[in-house]
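Enquirer: As a plain string of letters, each chain reads:
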Amino acid sequence: MHLLETGKLCVTIGNTRVCDALDVSIDAGDRWCILGRNGTGKTTLLHTLAGLRSALSGAITLQGQSLQQLPRKSIARRIGLLFQDHNDAFPASVMETVLSGRHPWMGPLQWEGEQDFAIAQAALRAVELDGMEQRIVTTLSGGERRRLGIACLLTQNPQLQLLDEPTNHLDLHHQISMLELLQRQTQRDNKALVFVMHDINLATRYCNRFLLLFGDGETAQGAASEVLTHTHLERLYRHPLQAVQGPQGTLWLPR
Amino acid sequence: MRTLILLALLLLALASLLTSLASGSVSVSWQELQSVLSGEGSELARQVILELRWPRAVAAFTTGALLSVAGTLMQVLVRNPLADPYVLGISGGAATGALLALLLGLGSLGLHSAAFCGALFSMLLVFSLSHGSGNWTTSRLLLTGVVIASGWGAVIGFLLALGPEQGLRGMLFWLMGDLSYASFPAFGLLVLATGLLLAIAFGRSLNVLTQGEQAASALGVSVTALHRGIYVLASLLAATAVTLAGSIGFVGLIVPHMLRLAGVRDHRLLLPAAALLGGSLLVSADTLARTLLAPHQLPVGVLTALVGVPLFLALLHHSHNVLGEAR
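Quick note, the sequences are listed as chains A and B, same order. Mapped onto our numbering, the consecutive letters of the first sequence carry residue numbers 1 to 255. Mapped onto our numbering, the consecutive letters of the second sequence carry residue numbers 256 to 582.
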């Protein structure tokens, strides 16, 4: 049984066809990257996979169960989503925000206990935000707020983690450390990752499966060697590219 | 920390209630108040305190608490810190009902029922109009509420223009919020207690909801159901408050902010704290309203606005966090 599986999935947004009859299966240990131009519906597809919006047609099953029939809480224990942007309308502390990741795991009237605080604290340490527990989130820098979002996802601890442009706002050091943290944790706990990313070279370094959205409903999927070809990538970005051999494999540079 | 805040607010509530019982045109000393509360005291003092001031003080407290809890909930619902309990046209609907009852010369029961029905009608109207094409977003809800509220404003102006000269004063007092006809609010207390307990039970979901609808949904909150629940609950609380004392402004807007600024952000604590602080503030405002220019009584809504406007501006001026602005 696959962790998440789509059958003949059709997703549209406005006049854009994101995918036509997409069959994709995500298994434990997979690290997927969704690539595509701006506005091809990468975020829309990610939200559809998380059950936040409905598809035009087709099925999504989570461990054999239809995603549509599952209660939100049950989905939230298995699928987590890092949004592209954070939207803080009210002041909240860093600790309060990261603790919200425990929400799906707690009973309706339950208060956060020592164990929840320990999990939250460990997540803050993992993203190098320990010591900032009492800071108000609206006073954080963009990169700090981004890492807080990742910490919240770690606290939620789902088997399938969907991350919409996780490296947004992050400096070079934190781009690498966050992606390595996610990769390490995925391998250790037998989880799965789906990234939406624009940096092909970071993607090839951390992902083992690729899904290309061409913007007309057509898609291509597979390992890097199968789908990351000159033809595909130039069609994908409508920009000439050059492959360069680097120390860790092929690097793609825009001409 | 939690218990400390609640304890302090509880003391504040007690102090405001006792001050309200002791002050007025017939001055009552603390000893006299003590003896009346323990079941003794002179006939006059007993009558003034138990039959006049006590019901009015409790009505003021209940109204303030209802408005503050409703305001807190509305702010979370529309994710806008500037929302108040009336943002969805509740007060306009209630005022229209009340003015119609005054025009028709109905008694106090008729007035209260008409106000309550008007508030509920407005709530259903806003709900169905913002729900129309199936896409229920909070921004559409907010806009529909604002438009309907100004529609009620026009109806109220029309009714005031039609109204007889001698009835105008009573109508204006009602529009500004007035507690002088308040009786012991058994129904209001019941609504307050039930609503508060219900809201606190969903407190953790409300905390998550402040991060946004989609984020809350991804964290396992059934956002649509929760939205509808908050909508109905906050509307009922606001409708009950308006029925008790007319449209009293600012309490429901500033009390949640004062508490958030003081660091109370968890809704499981914020909601009961808002009830206590809002109740105390309105009791104090009402005490001032009936003693400041005695024997004249001011509408309490005028006082809350007079105190509320500078207080809110000061809060805005001194804090960058109140609106969640980035630094």
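Hints listed in this document are in silico derivations from the structure and should not be mistaken for laboratory results. A virtual CB, placed ideally from N, CA and C, is assigned to each residue, including glycine. Watch out, some of these pointers could steer you wrong.
[Said to hold, decoys possible] Stretch-level coverage of chain A by chain B, calculated; a stretch enters the list once three of its residues show a Cβ under 8 angstroms from a Cβ in chain B:
hint, segment
1, 45-59
2, 66-73
3, 82-96
4, 100-109
Enquirer: Would you mind marking each hint as holding or not holding in the structure?
Expert: Going through the hints against the structure:
no. : hint    : verdict
1   : 45-59   : holds (count 3)
2   : 66-73   : holds (count 3)
3   : 82-96   : holds (count 10)
4   : 100-109 : holds (count 7)
Checked against the numbered hints above, the structure violates none of them.
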